[in-house]
Structures are given as structure tokens and as C-alpha cells.
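*Asks:* I would like the entire structure built from these sequences, with the hints used as guidance.
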Amino acid sequence: SFAKNASHEAEQLISEHSPWWPIREGIRARAKASLDNPTPATAFAQGLLKAVQQANPPRLLRLGNGSRILPLMAWLL
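Under my numbering, the first residue of the sequence shown is numbered 1, with each subsequent residue one higher.
No lab work stands behind these hints: they were computed from the structure. Small disclaimer: the values here were computed from a predicted structure and weren't measured. Wrong hints could be hidden among the right ones.
Okay, the calculated beta carbon distance ranges per label pair [unchecked claim]:
| id | residue 1 | residue 2 | range |
| --- | --- | --- | --- |
| 1 | S18 | L49 | 35 to 43 Å |
| 2 | S7 | T42 | 23 to 31 Å |
| 3 | W75 | K32 | 15 to 23 Å |
| 4 | L13 | L49 | 34 to 42 Å |
| 5 | P71 | E9 | 16 to 24 Å |
| 6 | I69 | S7 | 16 to 24 Å |
| 7 | E25 | K50 | 34 to 42 Å |
| 8 | E11 | P57 | 34 to 42 Å |
| 9 | P57 | P19 | 15 to 23 Å |
| 10 | Q53 | K32 | 32 to 40 Å |
| 11 | G66 | S18 | 21 to 29 Å |
Don't be surprised by glycine CBs; every beta carbon is placed ideally from N, CA and C.
*Replies:* Pasting the structure below:
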């Protein structure tokens with residue numbers, strides 16, 4: 001799964017000698033965030049097809065649970 005791979009990759013980056021060590025818990029939490037409220041693949045695919053089949057498809061498409069809040073949080077932080 002995506003979260004499992006993200007968690008594995010994150011663990012490779014956060015050894016005690018890493019500059020990321022002080023924020024390791026935040027990194028771990030973000031790596032597992034997609035497990036909290038995943039978007040069903042069917043719903044995602046339907047939304048994506050609807051968007052790209054428009055006469056003027058959107059340049060930016062925020063689709064799926066958390067797709068709006070995560071960029072907002074990044075901007076605020």
C-alpha cells in the first residue's frame with residue numbers, strides 16, 4: 001500500500017544522525033495519513049474522468065479526501 005511504502009521510506013530518512021530526527025513523529029504521522037480516511041478508488045476514478053472530460057478541464061484538480069486540507073496546512077505552516 002502507499003502508506004506502507006511511505007512509512008518505510010520515511011524510516012530510512014530518520015536515523016538518530018539525520019537532520020530530520022527532531023521532527024520524526026510528524027514525518028511518521030504524515031506517512032500514515034492516507035490510512036485515516038482513504039478515498040475509494042472508484043470514487044476517485046469517477047471524479048477524475050468527470051473532470052478531464054469537460055470542455056475546459058481544470059488546470060488544478062483537488063480530488064480525494066484530504067486533497068484540500070494538506071496544501072492549506074503546508075501553506076499555513
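*Asks:* If a hint holds in the structure, say so; if it does not, say that too.
*Replies:* We went through each hint and held it up to the structure:
1. S18 <-> L49: 35 to 43 Å: holds (41 Å)
2. S7 <-> T42: 23 to 31 Å: Since the Cβ atoms of S7 and T42 sit about 25 Å apart, the hinted range of 23 to 31 Å holds.
3. W75 <-> K32: 15 to 23 Å: holds (22 Å)
4. L13 <-> L49: 34 to 42 Å: holds (35 Å)
5. P71 <-> E9: 16 to 24 Å: At roughly 21 Å between Cβ atoms, E9 and P71 fall inside 16 to 24 Å, so the hint holds.
6. I69 <-> S7: 16 to 24 Å: holds (20 Å)
7. E25 <-> K50: 34 to 42 Å: Given about 38 Å between the Cβ atoms, the range holds.
8. E11 <-> P57: 34 to 42 Å: At 38 Å between Cβs, range holds.
9. P57 <-> P19: 15 to 23 Å: Roughly 40 Å apart at Cβ, these two residues miss the hinted range, so it is violated.
10. Q53 <-> K32: 32 to 40 Å: Holds - the Cβ-Cβ distance for Q53 and K32, about 33 Å, lies within 32 to 40 Å.
11. G66 <-> S18: 21 to 29 Å: holds (26 Å)
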